[in-house]
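J.: One letter stands for each residue in the lines below.
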Amino acid sequence: MNVIETHGLAKTFGGALGSKVEALRGVDLQVGAGEAFGLLGPNGAGKTTLVKILLGLVEATGGEATLLGHPAGTPISRREVGYMPERRNYPGFLTAGQVLDLFGKLLGMDATSRRQRTAIVLEEVEMSAWRDQKVGGFSKGMQQRLALAQALLPDPRVLFLDEPTEGIDPLGRVSIRGILRRNLEQGKTLFVNSHMLGEVELLCDRVAILVKGKVRREGPLSSLRAPNPEYRLTLAGDDEDAARAALIATGQEAKPIAAPPGLTVWRLEVDDRSQLNGVLDGIRGAGLEIEEIQRIRASLEEVFVQTINDASDGTPSAASPGGIQTSSKNSPVEVSVATREADND
Amino acid sequence: MTESVGTADMRKLAVTQAMALIGFTVREARNKWTLMALFALTTLFLLGLATVVSVDIVEGGIASARLFGTIPLEIGNTTIPVSDAVTVIQVAIVSVLTTFGLILALFVTGNIVPLTLQTGWVDLLASQPMARTVLITGRALGAVSVVGVTFAYLFGGSWIVLTWKTGFGNAGFLLAGLVILFTFMCCYSVMVLVGVLTRNSPISIIAGMSSWLLGLLAYVLHTYDEWTTAFNAGWQRSLASFIAETMYWVLPKSIELTENATKATRAEAFNWMPFLTSLPFVVVCLALACWWFSRQDY
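Residue numbers (the working numbering), protein chains in the order written: chain A, 1 to 345; chain B, 346 to 643.
Only chain B is shown next, with the shape it has when bound in the complex (with noise of 0.2 Å):
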């Protein structure tokens, strides 16, 4: 009875502890100038949106645009549907996320976890009465709420500016931000691994961008398997496949989870396969670290 009152107690106490390194990681990554950096650029870049797009409506369409106010952009005669018009700006700033935006994210996230190995640090964090696969989980997720919380000002900002300067809101533009937000988790879920591994930032980096671009190369020799007839012999054309296929179910899917985030902007219709098939990925790279972490000595 005593034990489990124990048990239940120090079930309490792990949530208690991982939200206190969630806060801890966010506080951290304030101090950056990096992500100060990046939360100058969006608000700079909301003015400039709400700036720059200055729309007469007429009848439910786009009658003329204007930049900054001065500029006329004369549309003629066809009249645009203001949501295909906001559509389109969302799917830019979409596009732009996907590959920029993950970039800056992954740059920002880097030393996480590596800081947390610190000699001086961890030897504290870790004698305090919590599990490592808190102390781990508990960053990770402090990551993760670093870049969710960036990307709900620039996709919350971009969307009220949207909506506010045209009167139409899609939320699947907002959508749109949490399908970029999981990419980066399964990219994030390499990095914490590698940073487990190695206790380096520019290692872990570069394995969370190299998963993102693997994904992209099995991707393209999943879809045009004509490379193989590169091969004579039909055994290698068979391992080629066999690898190719392997390598895209086992990594996350880059290209079709961007084409999702898109599609998600565009009110398409989503395919829930990429996500299915990719969260594997992330949970297995996580108990990876958290096993790894839990059995080594500091």
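One chain only, chain A, in its complex shape (with noise of 0.2 Å):
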């Protein structure tokens, strides 16, 4: 069963004073009950409105959405649903178990389940001694685990999370990997929207990478991350020219790559295994070691990066200023992603 289906959902800021920004256009999405579900995207891709969407804090200005069956948006659709918002501003006077009373209260729960799912949670996140400590002493990293506790008070079946460690130490990054991850054998399905690829990739089973406002890639992190018929050799010695040479022989185009000093680093590519064999024999043939070979699997970066210049015809993505830099000169393959403080979709 899906709880979270979107069907053709699009999303149209401004109006008829003022320039029109089309958020999303025609997204659909179904996310399966248990699934561990990322959505990737540059800067002003549009998920977080895709989020808001589902939560009701944004309208949809064409196609459906449902959530736990329920029409998205609906205050009952979002009973069993925990939300951890990106930016979060709690009033500095409650203390951390005022701030759970308090949605608790607003969830509905009597003062005993109050009281029980307030003590859990904050055990939880590991926040049981600051319980009556004032929100507005908690250091970034605290009001993190705050709003992961109050996400997790209705002990969902949805928990959404908006960069759930943007601005965590890596302790604590791991702290709350775990949580999510315990939470996610409990049967719990999970949305999480957030820039940090290598912690989608530890976390996530299945990604949708949305890029201007359309899912551009979506499908299990296996197969969008399936290895590329491509393989990195390295040659001991740094006689390039006869390297080259002897690649070319092998029908190779002999694209090199930056290496250390005394080696030479190429990237191969080939149809099957008995090509490559046949281009590591004709290299053996010229006189030239070979020091290692490896292929190459494409990271979660790889495919983020080339889905956004696949969208953006192969230029640079204007929808990414600030977020992807690509490093190489060579290669395609090295790509660093800088992350940002906030996403305003």
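Hints are computed from structural coordinates only; laboratory data are not their basis.
Incorrect hints may appear among the rest.
Stated by the list, open to error - Across the chosen pairs, the derived CB separations fall in these ranges: (1) F615/B to D132/A: 45 to 53 Å; (2) T508/B to A129/A: 49 to 57 Å; (3) P170/A to L389/B: 54 to 62 Å; (4) G187/A to R640/B: 34 to 42 Å; (5) K357/B to E123/A: 23 to 31 Å; (6) G69/A to L624/B: 37 to 45 Å; (7) W636/B to G69/A: 21 to 29 Å; (8) L624/B to L202/A: 56 to 64 Å; (9) G465/B to E22/A: 19 to 27 Å; (10) A385/B to E123/A: 37 to 45 Å.
Think of the CB as a built atom: it goes at the ideal place given N, C-alpha and C, for glycine as much as any other residue.
Using the hints, put the two standalone chains together into the complex.
T.: Here it is in structure tokens:
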């Protein structure tokens, strides 16, 4: 059973007097119960807008969306949903316990349930000792944990997480990832909205890449990161000309990759294993020594950048200022993804 | 059947949520120094009232009155009825509260709606299983509760002190408190609407006060219609008169409500017209605020 479904979901901001911005342009998504789903995309891709439509914070201008079988945006659809937004602004005069008590009341929980759930979720996010401390004095990481506790308060079936580990130190990230995994094991559905591809890779089993309001790629992480028929060949010695000549003789294009001193590194493109062995035989026949041969497996970052570039007709995406930077002159493999403070779709 | 059970549950939940928001608003106000200052001032006033008023009553009238128990205020041979003396004091309190008290109340509650709409807070609240109408209504009722509690303390306290000191309990004075609270609600409904539209506390406070002043202006224009003779053309006079009358009937009846507070204190006949004609203004402002808030993207 799908807990989240969208069909042709569209959102256009702006109106008759101002310029129009198409944040979503016909998004079709299905997320099944118990899945860990990651929604990726550069700045302005429409990720936050999509989540906000599902939660009733933004009204769609087209298409349909359902959450737990109810039309998205209706109060009843949010009864078993937890939401951890990227930005949160808890009143500083409330203690962590009071924040959770307030949200427990808004969820319709009785006093006993509120007390019990507050203790459980604070324990879960390792914040029990801070129950009676005012939120105003909390660090960003503690506020993040409190937000997670609040999202977990209703013991939700679906958990929406917007940048769940943004601004958290590495140990904190491991801890939060552990909490989310435990909830996943309990059968909860996770919907993670993030730029931190590494985090998504570690947590989610299915992802969708949203670019300029459209889902450009979607599927299980394993299929998106399927190995390329490409290899990275490292040869001993720094005679680049000899290596190039040997590779060309085997029918390769001889694409060099930056290499440390005393070695040359090449990128091979072959159709199958027998062709690869033929290339290696030719290299050995030319008197060159093979240091290392490695199959190149596409990382999520690669898939992500490739998807954005495809959506932008090969030109750097206008939708990704500050988000994505390719850093290699020689290979599209070497890509760095810069994190940023906020995602205002 | 399932749907109707779900709807009934959601209605019950809406009431619980509104109560939670009222409680939160009161707690929020308690954490503001302005409200605490207001309570401290009220306490000082009540203590002062208890200390200052010292009357000797002979055969149901005030024979002499003392300030701080030491300075005698000789009334002479005239016997002033206790009820008159108490009423005069209470009318003075009501007069001050219908202006300064109202302004203070608007200041104290001015940022409640804009605070609700802060990024990072409105997302958290509006993503709960709660209709936005409940959110805005709960916060507005919370603001009215905050002012109501303050007024209850001031009016109730003054009433107790004066009753204790003079033996005369004037229930009309307590009714006057409710009239002023209603006047506050009229102005506050404008603040809710403007707060939702602009998310700006100063602008919504100014709007709330302006509605009171415009009501006053409309009363003056309605009562003294000679001003229309300043226009030469008949159509100009008709248009001016139409605008003034529209303002008078649409806006809250600031002056008449104030008069009613005084009348209540003096136990004079109550005029219900200002309430009946001001109430639609409150309802329309709140309905517009809810409608606007419900269709906004956050």
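J.: For each hint, tell me whether it holds in the structure or not.
T.: Going down the list of hints, with the structure as the test:
no. : hint                         : result
1   : F615/B to D132/A: 45 to 53 Å : 49 Å, holds
2   : T508/B to A129/A: 49 to 57 Å : 51 Å, holds
3   : P170/A to L389/B: 54 to 62 Å : 56 Å, holds
4   : G187/A to R640/B: 34 to 42 Å : 36 Å, holds
5   : K357/B to E123/A: 23 to 31 Å : 30 Å, holds
6   : G69/A to L624/B: 37 to 45 Å  : 41 Å, holds
7   : W636/B to G69/A: 21 to 29 Å  : 28 Å, holds
8   : L624/B to L202/A: 56 to 64 Å : 59 Å, holds
9   : G465/B to E22/A: 19 to 27 Å  : 26 Å, holds
10  : A385/B to E123/A: 37 to 45 Å : 40 Å, holds
Going down the numbered hints, you'll see the structure goes against none, and every one checks out.
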